[in-house]
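A.B. asks: These are the residues of each chain, in order.
Protein chains: 4
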Amino acid sequence: MARVVSLKKPARRSRAPVHADIKDPLLAEKGRGRIDWAGRTMPVLSQIRERFDRQKPLKGVRLAACLHVTAETANLVLALKAGGAEVALCASNPLSTQDDVAASLVADHGVSVFAIKGEDNDTYYRHIQEALNTRPQLTMDDGADVVGVLHNDRMELLEHVIGGTEETTTGVVRLRAMAKQGVLRYPIIAVNDAKTKHLFDNRYGTGQSTIDGIIRATNRLLAGSVFVVAGYGWCGRGLAMRARGMGADVVVTEVDPTTALEAVMDGFRVMPMSEACKVGDFFCTVTGNIDVIRQEHFEKMKDGAIVSNSGHFNVEIDLKTLHRLARSRMILRDFVEEFTLKSGKKIIVLGEGRLINLASAEGHPSSVMDMSFANQALSSEYILKNHGKLERKVYAVPQLLDQEIARLKLKALGVKIDKLTPQQEKYLASWEEGT
Amino acid sequence: MARVVSLKKPARRSRAPVHADIKDPLLAEKGRGRIDWAGRTMPVLSQIRERFDRQKPLKGVRLAACLHVTAETANLVLALKAGGAEVALCASNPLSTQDDVAASLVADHGVSVFAIKGEDNDTYYRHIQEALNTRPQLTMDDGADVVGVLHNDRMELLEHVIGGTEETTTGVVRLRAMAKQGVLRYPIIAVNDAKTKHLFDNRYGTGQSTIDGIIRATNRLLAGSVFVVAGYGWCGRGLAMRARGMGADVVVTEVDPTTALEAVMDGFRVMPMSEACKVGDFFCTVTGNIDVIRQEHFEKMKDGAIVSNSGHFNVEIDLKTLHRLARSRMILRDFVEEFTLKSGKKIIVLGEGRLINLASAEGHPSSVMDMSFANQALSSEYILKNHGKLERKVYAVPQLLDQEIARLKLKALGVKIDKLTPQQEKYLASWEEGT
Amino acid sequence: MARVVSLKKPARRSRAPVHADIKDPLLAEKGRGRIDWAGRTMPVLSQIRERFDRQKPLKGVRLAACLHVTAETANLVLALKAGGAEVALCASNPLSTQDDVAASLVADHGVSVFAIKGEDNDTYYRHIQEALNTRPQLTMDDGADVVGVLHNDRMELLEHVIGGTEETTTGVVRLRAMAKQGVLRYPIIAVNDAKTKHLFDNRYGTGQSTIDGIIRATNRLLAGSVFVVAGYGWCGRGLAMRARGMGADVVVTEVDPTTALEAVMDGFRVMPMSEACKVGDFFCTVTGNIDVIRQEHFEKMKDGAIVSNSGHFNVEIDLKTLHRLARSRMILRDFVEEFTLKSGKKIIVLGEGRLINLASAEGHPSSVMDMSFANQALSSEYILKNHGKLERKVYAVPQLLDQEIARLKLKALGVKIDKLTPQQEKYLASWEEGT
Amino acid sequence: MARVVSLKKPARRSRAPVHADIKDPLLAEKGRGRIDWAGRTMPVLSQIRERFDRQKPLKGVRLAACLHVTAETANLVLALKAGGAEVALCASNPLSTQDDVAASLVADHGVSVFAIKGEDNDTYYRHIQEALNTRPQLTMDDGADVVGVLHNDRMELLEHVIGGTEETTTGVVRLRAMAKQGVLRYPIIAVNDAKTKHLFDNRYGTGQSTIDGIIRATNRLLAGSVFVVAGYGWCGRGLAMRARGMGADVVVTEVDPTTALEAVMDGFRVMPMSEACKVGDFFCTVTGNIDVIRQEHFEKMKDGAIVSNSGHFNVEIDLKTLHRLARSRMILRDFVEEFTLKSGKKIIVLGEGRLINLASAEGHPSSVMDMSFANQALSSEYILKNHGKLERKVYAVPQLLDQEIARLKLKALGVKIDKLTPQQEKYLASWEEGT
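Residue numbers (my numbering), protein chains in the order written: chain A, 13 to 447; chain B, 13 to 447; chain C, 13 to 447; chain D, 13 to 447.
Chain A on its own, in the form it takes in the complex (with noise of 0.2 Å):
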């Protein structure tokens, strides 16, 4: 006979009163099982969370966080912590806490958690303050907000800090760009360019959750409508090959015109934004740019287009114009916005165009974010061993970890790849051989 047993409570020690800033304590609970899912698809983490509890290689490393807080988020802190780690974590989007899982890492791991879902931009920005007072020694950020206000506001920390690592696409291009111009006081590496990052989380990851955020918002049928994707990038070919696999006629907007031939030969409709914005029934922006949809679009949409946005910032619609154009506004269902034009006109704005898989839905599937944390994870570990060696640039994740993480999925999912013979990795060495 099966009886029902409840969560195991962890043991807590005696501590402390953690410095934290959270909806809801007893949300913990509930967080504790929702950490626990995630964490049984993160078997990359999981084996580096064993490592790093038997060797320490953070032992008593300050680190400040800027992350969704989700329950994956969790699980890379909990490998973090397990390393020996003090980690300080606040939100790196509004609207992308968990409530639920910053209540667990605050009573039950004591980790100082700064994140409130809904909480508004001075509370924003006070909470990634509130993490820059431990005084970090790594930074690790979701959008280089972290870096900015480090290098803004706070240049007296400037000096504890060894180094970063940064998560998106966007928070990388404006690393560059600080690199470039020789402001970037740290070396950073970049976990967004490692290939078992972007391949993966970008693709695989926004391709599902964006299409399950929109599905949550609206519960519209996708099957029969046209669907535009403004970006091809990583992210962009995830949620187009998604929106057609559930059965829309997928349009996609480009700028570059290499990548816009690969839309076309995978078999989309390409078309400028002004065209596409006659045509489509959903919207979803996912090209890192501002205005990407803007006055001159939502004049030409059709009645009760719905409009959507899963890049980092919400600026890629332009929601203050559309706020002036609109008559009125109306909520009709969470995350669901209407805005009736003076024409008359309505427009569906989803998740006030915050990146809607987090807001709308839980945010990437856990078992991609195993490997993005994974490479988190293991990027720290490598900036404190080359702590010296490092200069102030944008560093790529080294190969040797990046391959090491492919491998180490493979055989959670139980994949059995190929081996080169020998004769084979000479064949490929040499170059004599001819036809």
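Note that these hints are calculated values from the structure, not bench results.
Honestly, I wouldn't trust all of these hints.
Listed below are the simulated DSS-like cross-link pairs for lysine-lysine, each with C-alpha atoms no more than 25 Å apart in a straight line [what the hints assert, rightly or not]:
1) 438(A) to 192(D)
2) 358(D) to 42(C)
3) 428(C) to 312(B)
4) 332(A) to 438(D)
5) 423(D) to 314(C)
6) 332(D) to 357(D)
7) 332(C) to 431(B)
8) 42(C) to 129(D)
9) 312(C) to 428(B)
10) 312(D) to 290(B)
11) 290(A) to 428(D)
12) 314(A) to 290(C)
13) 312(A) to 428(D)
14) 290(B) to 42(C)
15) 290(D) to 423(C)
16) 423(A) to 290(B)
17) 428(C) to 290(D)
18) 312(A) to 431(D)
19) 290(A) to 314(C)
20) 314(C) to 431(B)
21) 357(B) to 42(A)
22) 423(C) to 290(B)
23) 428(B) to 312(A)
24) 431(C) to 312(B)
25) 358(C) to 423(D)
These numbers come from a predicted model, not from an experiment.
Following the hints, position chains B, C and D against chain A.
C.D. replies: Chains B, C and D only, in chain A's frame:
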């Protein structure tokens, strides 16, 4: 400058209290928004509702509907009501009721609703009895439960009944069996058999919403997983198509050789469940049969396998046996229950084996329900019009109704199609012309 | 050490000269290899042939078959011959004859074949007459031409005929019209309506072979092109699926609203030909109707548009008018003819508008023809067995034959499927069980 | 009334006899049509040819090109010739020569061509020597054979050489190895590495044409088969995508863990060849390595397995061993050879293990070669312009050339894309802006 306006509160006629059993009438406002949102993508039903409102073809008719109590169903009920019917509504599944929708139907529209999400089995059947207490002249079923109770327990009410409709494949199978045995006591129109119902609702509706339900419940990545679809009927092929669209490696199980061959030719791997159970990461049953996944399969599954059902009844997974086999159970997340077998292996069951697209998601998107429910509304009208001419058997939806619905839908989508030229019509009718 | 061996030459019985009209008997050896190669992927027909050889169910029966004279048809003919039939074979299309196959049938097997690739219209009909001169007792048609000629010109032969079979949708439409008008003079089994025929042959066979024909003729890249499929019946959806699979942006035209809606939900763009003609790079008709692409469309096409047909008759493209509109024509490659309109615009027609999969490729792959022809063979046997019981109308293939063919095919593919347990069979038959 | 006109015969200047070795000059007319047909979908190269014709940037330069002698290559040669070059052309593969194209190049354009389809190994190398006898200043390679022969056998000619280009991945690997060892004697531009080359040619070109080659050779149905793709580089993923698009169940083998993970996430089954060999119906190697399918695999294959290669060299399948294992061989159809092993099991090899898309089909469609060859033409011009500045190493195609080609191609396809607004350009360049 835009201003935020609340949803317009509908004018309330003063009226006698409504006989109903729902969770909380205060949820009405949220439900109202949801019904409105769904209605926007139900253009066919809207047009029927307008005509019904003018013509009152159902004037004074008592109708008992046993359907999933969702925002889409609410739009059907409002169309029937516009046509003059007095509707009593109960749930066709204990888990699928949207309590806010039920509240709005009662509070805003005076409909007798008997449905509470999560009601136990006794309440479920009591609610059917309550609906039958209105002495219906028309019945509307989604799984033949009202017909079943009427024919078994409430035979005294049969004299009032003029006819009924049935929504599902499962129900139609049961009703055909009854008709064959000569025990069916009134005519039923098999809405499920309309092309504009089963070709769309079962395929595209179930396809998307089942994927949605599984992702909402688990937040797992489908890409790279092995997804086993049991049954390759219309629902099954919809699900298989979408699971592949999300990047899964899809395995199909079937009992019919011709259908199995189609799955093979569609590029899916086909194997018996006794083999599929060893390789699947996700399982979803859509067969209309019992014990499709049973002890012999649980025993061979991988650790952590996730099992769900999207067939009508929660009998497709043999949960009784799984309960017996398990040494403990644990709720990990909403709708996610883990069974630990004596061997230590864990099997995850979603939504207690009930329709996962209704348990953890919102059921079919409204745009597919639009056509199903247009068939319901027009079939009800048809039964009344043809009262006396219909025998005690199961009828197809008249083809003219079916085609008309497709035509209205295309029009609403803005899709134009070709018309046969007179020459083409003549050609098709002729046989004399040769090569 | 391997040694190269030639194909074994079959033993030749001494026999009387065969009445035949083919291109060149010396092509027999190549044809023999082709027939053998096709036979390898026709396991169902092979098994039937073995049984026929033992049981001789067609002993002494005269059979006139008007089919595409291909290696697959040859395997059917050999099975019929093994069953004891005396077969006369003529072509159902002037362009589809494989002359080497015809040669082998005559030279190696003594079959009366009347078919030469590229024969003109007069020869085409003369060949049908020659086949009819054998006074057939069974007819086998692919487009109802033999039935047509028999009923119009050779009514004196009708008294010999016991029954016939028909392979195509097109033919079945014509035969149904004849039966309805009461002019059909003998029973016909509509092989096309067998599930194991039309669900496979029309969809997967036509799908692949039409793409094959178009690519062989043109060597053009489909990826990134706009490919217009006229008609979304089984052939059309097979073709649309494969064109998308090759990376094209597929547009569908239709006249039936329900079918058009399915195409929309499958993610295709649907529009009338009057719009599609402006955007297409490739066009292929599969409708069974006349003048699907006509003057008004030619006039709006893009310069260089490529037009082809995969429907049964070469009437779907209005070539007469195109000839009239053109100021010059030029053969660019085999099966590729360019029409230069007065405006200077060029339109390319493939294979003279005849079935492109037979004109420039080899028709359906043998593994799909396996099932179609198994239906032909078993239907012929069935007609003889039920001689006297059948009326002058169009019959479906008996379901038991159909299912048996699927079962044999799965077995040959090594695919195993589930069997219903006794409990499941009971459940499906019952109606008493509830939620 | 239309009239049939023959292809216009180009005006022939009187000229000295051309030094050439081809099959038959009388094939020129057919080749001319083929070249013309290909040229129609090579709009980028056409535009370059027009400019070259005006500017003569290659005036008087001797160029030896070792490329597949196809209609597309002919268009490249004509562009180079228009630019003023004296071109000697030999084949980069003994089976890929289109003899009619070779004839037209010689007869109509006076190009020195040394290539005969099916030439033996000695002739193959003799033809390379003949091309080198023209003492080339530029080389153009497709597999680095000319570079190889020059560096090994004809070192006396190296002094004339200014630079060269290389078309393939395989060749670039070899050249990089040479450069690393310090033995490369002149600069080479790796055309393969241009985005407009490898992202298109290797993926969409190889994808479609390999499927085309396999179907032409076999006429087998891919739907429902298990298709094993060895290697998931750009060619491999193109092939896998198209095989799936034709309805196959695709299995991928790989040696690189990250690439293997991508294949998994794309929904393919990934396994080592030692497992894949047991389940495959079709095999195609695209790895650039040797002995990818070898004795241990042949021994475990299913009876009737079909093996082919679409990688550059015919070394990917270990045919020597297969010959040894076979007790007999038989040619079943053109390009289809059956090996009967001692056990009686049959293994089918297509096109003698050479590039199947060139052996039994026509190679890449011209529209993809358009971009590859535009890169060749512009790179040749670039080498001449930068003579003296380039070192003895392998260079990428300058990004500006690459982007320009994409832009010209989109224009030719009639596809418009977005342009960055000044605000967007500023945003991308900036790093100061935050959430």
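A.B. asks: Against each hint, give a clear statement of whether it holds in the structure.
C.D. replies: Cross-check of the supplied hints:
Taking the CA atoms of residue 438(A) and residue 192(D), the gap is about 16 Å. The hint holds against a cut of 25 Å. The hinted pair formed by residue 358(D) and residue 42(C) meets the criterion: a straight-line CA distance of about 20 Å does not exceed 25 Å. With a C-alpha separation of about 18 Å, the suggested pairing of residue 428(C) with residue 312(B) holds against the 25 Å cut-off. Using a Cα cut-off of 25 Å, the hinted pair residue 332(A) and residue 438(D) holds, with the two alpha carbons roughly 19 Å apart.
Between the alpha carbons of residue 423(D) and residue 314(C) the distance comes to roughly 15 Å, so the proposed pair stays at or under 25 Å and holds. Among the hinted pairs, residue 332(D) with residue 357(D) is consistent with the structure: their alpha-carbon atoms are about 17 Å apart, no more than 25 Å. For the proposed pair residue 332(C) and residue 431(B), the alpha carbon gap of about 22 Å is at most 25 Å, so the pair holds. Straight-line distance between C-alpha atoms of residue 42(C) and residue 129(D) comes to about 22 Å, which keeps the hinted pair within the 25 Å bound.
Proximity of residue 312(C) to residue 428(B) is assessed by CA-CA distance (about 18 Å); at most 25 Å being required, the pair is judged to hold. With a CA separation close to 23 Å, the supplied pair residue 312(D) and residue 290(B) stays within the 25 Å bound. The straight-line distance between the Cα atoms of residue 290(A) and residue 428(D) is roughly 15 Å, inside the 25 Å bound, and the hint therefore holds. A distance of roughly 23 Å separates the Cα atoms of residue 314(A) and residue 290(C); the hinted pair therefore holds under the 25 Å criterion.
Restraint check for residue 312(A) and residue 428(D): satisfied, since their Cα atoms lie roughly 18 Å apart, inside the 25 Å limit. Restraint check: the Cα-Cα separation between residue 290(B) and residue 42(C) comes to about 47 Å, which exceeds 25 Å; the hinted pair is violated. Distance restraint check for residue 290(D) and residue 423(C): the Cα-Cα separation of roughly 18 Å lies within the 25 Å cut-off, and the hinted pair is therefore satisfied. With a C-alpha separation of about 18 Å, the suggested pair residue 423(A) and residue 290(B) falls inside the 25 Å cut-off, and the hint holds.
About 17 Å separates the Cα atoms of residue 428(C) and residue 290(D), which keeps this hinted pair within 25 Å; it holds. For the given pair, residue 312(A) sits about 18 Å from residue 431(D) by alpha-carbon distance, which is consistent with the 25 Å threshold. At roughly 23 Å between alpha-carbon atoms, residue 290(A) and residue 314(C) fall within 25 Å of each other, so this suggested pair holds. For the suggested pair residue 314(C) and residue 431(B), the alpha carbons sit about 23 Å apart, so the restraint of at most 25 Å is met.
Between the alpha carbons of residue 357(B) and residue 42(A) the distance comes to roughly 23 Å, so the proposed pair stays at or under 25 Å and holds. At roughly 22 Å between alpha-carbon atoms, residue 423(C) and residue 290(B) fall within 25 Å of each other, so this suggested pair holds. Only pairs whose Cα atoms come within 25 Å are accepted, and residue 428(B) paired with residue 312(A) is accepted, the gap being roughly 21 Å. Between the alpha carbons of residue 431(C) and residue 312(B) the distance comes to roughly 18 Å, so the proposed pair stays at or under 25 Å and holds.
Of the pairs offered as hints, the one joining residue 358(C) and residue 423(D) holds, with about 20 Å between alpha carbons and a cut-off of 25 Å not exceeded.
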